[in-house]
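Peer 1: Start from the sequences and build out the full structure, keeping to the hints where you can.
One-letter residues, chain by chain:
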Amino acid sequence: MSTNQTTEAPAPAIDPRLMVREEGFAGYLGEFKRKMKTGELGSVPVVLGLILIAAIFQGLTGDFLNADNLTNITLWIAGPGLIAVGIVFVLLLGEIDLSLGSIAGVSAAIAGVLSARSGVNEWLSILIALAAGVAMGALHGFFFAKIGVPAFVVTLAGLLAWSGLQQFVLGDKGTANVLNDGVIADLDHYFVGDGDIAVTWIFALAGVGLFLAGQLLDRRRRTAAGLPARPVSEIALRTGVIGLIAVAAASTLNQSQGLPLPLVIFLGIVVITDFVLRRTSYGRQIFAVGGGIEAARRAGINVAWVRISVFMISAGMAALGGLFIMSQQGSADKALGSGNVLMNSIAAAVIGGTSLFGGRGKTWSALLGILVIQSIITGLDLVHVNQSIQYMITGAVLLAAVVLDSVSRRTQKSSGRG
Amino acid sequence: MSTNQTTEAPAPAIDPRLMVREEGFAGYLGEFKRKMKTGELGSVPVVLGLILIAAIFQGLTGDFLNADNLTNITLWIAGPGLIAVGIVFVLLLGEIDLSLGSIAGVSAAIAGVLSARSGVNEWLSILIALAAGVAMGALHGFFFAKIGVPAFVVTLAGLLAWSGLQQFVLGDKGTANVLNDGVIADLDHYFVGDGDIAVTWIFALAGVGLFLAGQLLDRRRRTAAGLPARPVSEIALRTGVIGLIAVAAASTLNQSQGLPLPLVIFLGIVVITDFVLRRTSYGRQIFAVGGGIEAARRAGINVAWVRISVFMISAGMAALGGLFIMSQQGSADKALGSGNVLMNSIAAAVIGGTSLFGGRGKTWSALLGILVIQSIITGLDLVHVNQSIQYMITGAVLLAAVVLDSVSRRTQKSSGRG
Amino acid sequence: ACGKAGDDKKDSAASGDTKSIGLLLPENASSTRYESFDKPFIEAKVKALCGDCNVKYSNAEGSASKQKQQFDTLIAQGVKVIILDAFDATSTASWVKEAAAKGVKVVAYDRLATGPVSAYVSFDNEKVGELQGEALVTALGAKAADANVVMINGDEADPNAAYFKSGAKKALEGKVKKVVYEASGEWKPTVAGQKIGTAITSLGKDGFQAVYSANDGMAAAIITQLKAAGINVPVGGQDAGVDAIQRIVAGDQAYTIYKAYKPLADSAAELAVNLLQNKDIKSVASATVDSPTDKGIPAKLLSPKVVTKANIQDTVIADGLYKAADICTADYAAACTAAGLK
Amino acid sequence: MTGAPVLALRGVSKRFGAVQALTDVHLEVHAGEVVALVGDNGAGKSTLVKTIAGVHPIDEGSIEWEGREVRINRPQDAQGLGVATVYQDLALCDNLDVVGNLFLGRELKKYGALDEVAMEKRAKELLDTLSIRIPSVRIPIAALSGGQRQVVAIARALVGDPKIVILDEPTAALGVEQTAQVLDLVERLRERGLGVILISHNMADVKAVADTVAVLRLGRNNGSFPVAGTTHEEIISAITGATENAVTRRQARIAEEAK
Amino acid sequence: MTGAPVLALRGVSKRFGAVQALTDVHLEVHAGEVVALVGDNGAGKSTLVKTIAGVHPIDEGSIEWEGREVRINRPQDAQGLGVATVYQDLALCDNLDVVGNLFLGRELKKYGALDEVAMEKRAKELLDTLSIRIPSVRIPIAALSGGQRQVVAIARALVGDPKIVILDEPTAALGVEQTAQVLDLVERLRERGLGVILISHNMADVKAVADTVAVLRLGRNNGSFPVAGTTHEEIISAITGATENAVTRRQARIAEEAK
Ligand SMILES: Nc1ncnc2c1ncn2[C@@H]1O[C@H](COP(=O)(O)OP(=O)(O)OP(=O)(O)O)[C@@H](O)[C@H]1O
Ligand SMILES: Nc1ncnc2c1ncn2[C@@H]1O[C@H](COP(=O)(O)OP(=O)(O)OP(=O)(O)O)[C@@H](O)[C@H]1O
Ligand SMILES: O[C@@H]1[C@@H](O)[C@H](O)OC[C@H]1O
Ligand SMILES: [Mg+2]
Ligand SMILES: [Mg+2]
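Residue numbers (this note's numbering), protein chains in the order written: chain W, 1171 to 1588; chain X, 1171 to 1588; chain Z, 115 to 456; chain R, 326 to 584; chain E, 326 to 584.
Derived from the structure by calculation, the hints contain no laboratory data.
Straight-line alpha carbon distances no greater than 30 Å define the calculated DSSO-like cross-link-like pairs of lysine-lysine that follow: (1) X:LYS1316 - W:LYS1203; (2) Z:LYS241 - W:LYS1343; (3) Z:LYS409 - X:LYS1343; (4) Z:LYS437 - Z:LYS456; (5) R:LYS532 - E:LYS532; (6) W:LYS1343 - Z:LYS414; (7) X:LYS1343 - Z:LYS241; (8) Z:LYS289 - X:LYS1343; (9) X:LYS1203 - W:LYS1316; (10) Z:LYS216 - Z:LYS118; (11) W:LYS1343 - Z:LYS161; (12) Z:LYS159 - Z:LYS211; (13) W:LYS1343 - Z:LYS341; (14) X:LYS1343 - Z:LYS283; (15) X:LYS1343 - Z:LYS419; (16) Z:LYS419 - Z:LYS409; (17) W:LYS1343 - Z:LYS376; (18) Z:LYS291 - X:LYS1343; (19) Z:LYS423 - W:LYS1343; (20) W:LYS1343 - Z:LYS419; (21) Z:LYS284 - X:LYS1343; (22) W:LYS1343 - Z:LYS170; (23) W:LYS1343 - Z:LYS159; (24) Z:LYS284 - Z:LYS409; (25) Z:LYS211 - X:LYS1343; (26) Z:LYS456 - W:LYS1343; (27) W:LYS1343 - Z:LYS437; (28) X:LYS1343 - Z:LYS292; (29) X:LYS1343 - Z:LYS414.
The following label-pair restraints were derived from C-beta to C-beta distances: (30) X:VAL1441 - E:LYS435: 11 to 21 Å; (31) X:ILE1412 - W:VAL1217: 56 to 66 Å; (32) X:VAL1441 - E:ALA443: 22 to 32 Å; (33) W:VAL1217 - E:ASP349: 34 to 44 Å.
Ideal placement from N, C-alpha and C gives every residue a C-beta, glycine not left out.
Peer 2: Here it is in structure tokens:
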């Protein structure tokens, strides 16, 4: 057996095994190719899936990409999308909340009965409805975190009890109409700046500008601290892609009725919750609890409080989502929030890339996922086949949308450590 | 600092830290008390919950413990109970199957349409229906285990697609009736031995006898191998308790119509699946995959096959459950398997003590859990209060039933190792 | 053999309850009628006819299997007369037969349950559809002949939905130009709203002149979407929910179908009490109908009515279904005054 | 050692189900003292550590901190007193990256938001002092080697300002160089006046840095020795409970064979 | 060593995302040979073991078994060839009890059903030879101490009939007595003609039982030495890549202070 030995100089600061990306644009492309191979593409497969769905339905009907239809889709995603944002929080803990559909229903019922039947001020009605939602979430959180009842059972009990409450609140008359031209009606119908196209452009460009500024600032701070930073070429590319999307969206919306309020609110909430999750201690704590409850506990995190607060957030989001659904259907009825509402929202979060097993995901996945689902539903409605066939196709397309993602993630499958 | 040191004799064979139970009945009682304190009571809290529920509804209505009502309950648990047995398998893997309600529906639809409309032999229709169910499960398993799509999404797609198929199979006529006095009708209506009370007694006593024989045999083998074994007093106590239950059940059933076929089949399947899970390599593999996929993989277990087969089992059970539900309602309709069927079955498995996070549970929990749920449902039906109030009460009772269990488990909470 | 099960059954309360009437209704989510009207009306009438009788009510929540359990539970409780609004009328043949064997009588309510039922009270569901179609044609007036119609139907899993659809089509045939878009709203307002949204996309804002909605809940969402798109065409539903009456008052909805629940409920209660007390039922149920399984069932058939802005006062208010105050909340006060409601 | 101990356990017992893991255990740690806690596998060392760290509250006995009796029911309680713990099973969050784990529960902030740049910089510095090379501090913990994970866990304990540091087999997975660094670290902690509890099965390491050796055996105290003037053999026979054991047998056999 | 090696790795490379964990690695193991695989933390030892065990298939290079080229894509493949592996992270199922884990995938049966009595008896015997005390073999793995778990993992490798046993830091969590037993075990395996790959950071253990020492450094081969005639210092400098390192510095400083 040979005896050969290399004696090297003291350890260099950077690990030589880390493949460093080439500088500039070429490096970016190389990295992209590598990620493509190893399946670290993040949201790219879902976005591709979305494009595919749009292309197919456009081909079949010629109407899918029409500005009115796309505007409709942005209106319809707000309600289930907000519920999905709440679901993302719960999924990050590795838990599930089955009650969110019922909570959406109760919240709408409360707001409807107070404002339309009892003549309470509409803003106050909304506030009470949201507070009731948050309180229900707190109750779930309490039973889960403090008593130790599995979240599945607590929220299943909630699903039943709150839908009973919803019927009870609506009472014999059953359905409460949305006030004409009131606040709740506006949730779905108002276009910011009353459809002024300038408003849409300002929003789009401000968004892109802020993104660019943030990226550049971060780069400056990292370089100053001697840490590796994103190259300027990559920042330019990213800003370019986002800019393109923003411009396309703005001009489409302006071809129809302008910037829809529900879209602004939904996007705003996604941005805010994303910030909370990624850039605050609280968000970090949620990830920690979801990634390993025992490690989180030993790190001194108040696990019970994190859990309770997350159930409050999810319930609050559901309550808000319920108001958007109410606005969209023009009434609060006994069926609001039942049926597929919850499943669609959970599916949205999962399709968007949030793990069901905790510790991995972001609220943007709620947006992406609900876009996929609403596109399938709306696309099939445009094709208008039989209800039974529609169900079958929805199932198949849903699966197909996720297969793309799963296959690309395959190679990346982690296999433990050690 | 003091320096004191004890030098002991070589290590004894039994670890001195293990608290050994006193011999005889006194020891059994002591152990029970200790377990009570530390929350290792197993099914005891659920059984207590069941007794409480029975007592409350008996108090409210006077009809709950009536032999006809109890016989009814045993008839009705077979369908959802079999689905819950399938759920237990899936939960043991730490996964979920949302499609089981739809599969029950399709299976019933196929059996109904073939036998009642197309005149196919009823046994053959049943076989085809079951095979179709198993095939759907295999498809789910394939997408989950081989393609890597999360089980939640695969089975959600299944939920939609198969309920579309169900409507499609039933067609415009909508409902297929069960053949009069046919095999499917018998699933729910036949009483073994045509209501002969001797048959019930033979079943009950044979069951208890087999249990006792098994326990004694095990004890003999363990003692022979020099391993600690259950004391005779404990075996006597256990047999006594089981005997008591068996006698009470038999005499109640005989007061009504005798031994119901669905009860025999359901119990038989629980016993068989329990054996498979606890006493075969295959069952061990399911637990291993559910307890830690990576450890199972490294142990050389064919993880993909275990996953696929489990989804086949759950779908097969659901298909069978669907036939029982069909027999009970007298028809296969478009709504069979929808609504709360799936949630009730999942809740049954969880209430019975099967973990949602994999690796812990048994099929007996399906029996216990579905008894709890059906008792709540039937009890509330006996009380006849307002629907909305019923929902709220169901939620509350469901929660209460599990709180008992959770509180007793609290002290037992594991806190990592090391 | 040493005996048959049930031989030694004592004559307990369970084997005969002469003061209870069972009431089984099919669901409560897609329509408000069952718990708002059917149930309270029946309870009141039973009380009026038999002071110490009581009604044991359960709701099947859209599941035939659950309804069968409730049916059996009533029998286990010793109830001798059951008013049954079957969730799925075709599956009840064996239930009713089993019940009859135990001496339990069944009154089929609203939907004609199969099996040897003792009597039947209902509206004709096909007729409901026809009235809906005719009302839509009336609302279109002179424009009817050139009108394209969008149909948002009920859930395919509900057998009634098929009757409504076929009745409405029968009435529309030849009277309007064409049904240009047809979809299931699944009895869900949100779904219905989205269906109409896509109908607008594929047909264009001028692509249709009227919308048929199978019930009021879906009509609410449809109207909301149409308004948002700036489209004003007649839309109608059924069930005469208070929200629908409000929309009719405001001119948003063209009509609804009012099934006169009170007479329906009253007749059912009367039949049930008579059966319980072994009195004659022919006086109430003078007609006869045939079901797929049985012939010559004594029946009472009522006609549903169309409600438009013009006859609100004479129908739902006159029948005591609603008080004007229920309808004329702040948001609708002005419209009410204009419509002359009081 | 002079003065009141910073930490003192008095008659602590702990039971898990049917297993009596600790029985009447006593332990004292003074400021500036390194106490080595040794014992056979399953002796109860980690359990003892966890009772101090608040992971498992004690069943019986009492804990004194700077002379006052305290109750430690949750990890927060221990951290509040100034106990930093490196667990044998590391207890890191697999889904968080190295930086996230290092600062978990003690994040650096700027205008209320996380200051990732500052944390990343500080993380690199900390890891450098322990001479470990990690491909990137932005890699999730799950992707690290056993030793890399262990060093991250040790570095975590240094992020706060503790009075007592508990290290449960900190060098078990470490290479020779990293082990030397950790021993240096222990000495630096002592010099800064901190109390250290060091669990190790490596007698050479124990003898190199500890002042006192406390022995646990089957969940009970089995002696406490000043390191100076106690031999390897004495400690080992306290651990195994016998002067004749597998270690001596193996040594004897090898000596035999060498002849 | 004479004859063809049982196992030979030729130019093996393995990449994880952006990390090149192994580059062009060669390794040979003969029957009856104990090869110690050493290297710094993160050098790639565990990764190499996992490629052999079929946990991670290799990216480049080839694996030869008894002279024939083979593909090892799944753990079953490696087990089929006769490779038994004790992983650094143990890879036990937390929810199964000790007996369940020991026999996982190789259960003893009687009339087709599991023979729990036979397995329990055999489990006790196996654990006794490794002189570990576990409160009960029916306790779930999650309730065991670090060392107890490690012994269970080692015992697992002995159920079955392997040709090569791979031990990734088997004694890291073990007490002195148990460590001695494991070293005895390694020698017994060699005597039975098995090949053994032993990963360890403990040079004394390596020198005590290994025939050959293979050094990995930053994912590449950095020398292979016969144990006889190689000093501690030579191995350590191959591991750290420098003659001047934290270990020598620490020794120098202690020598300095001792003066
Ligand atoms: N959560 C638990 N449930 C039940 N028993 C436990 C639990 N944790 C530890 N034990 C038992 O307590 C005893 C002491 O375990 P502990 O982990 O404290 O040992 P240790 O001294 O740290 O051993 P090692 O050196 O192997 O790490 C062991 O017998 C173990 O089986
Ligand atoms: N699944 C993975 N994903 C990404 N990187 C990984 C993965 N597994 C290992 N690595 C990296 O590969 C390198 C080698 O790791 P490995 O576990 O083989 O080291 P080791 O030699 O066993 O170290 P130790 O002595 O600390 O156990 C490390 O830098 C590690 O970060
Ligand atoms: O009244 C309607 C009812 O008959 C039908 O079955 O469900 C929907 C209701 O609107
Ligand atoms: Mg330990
Ligand atoms: Mg390693």
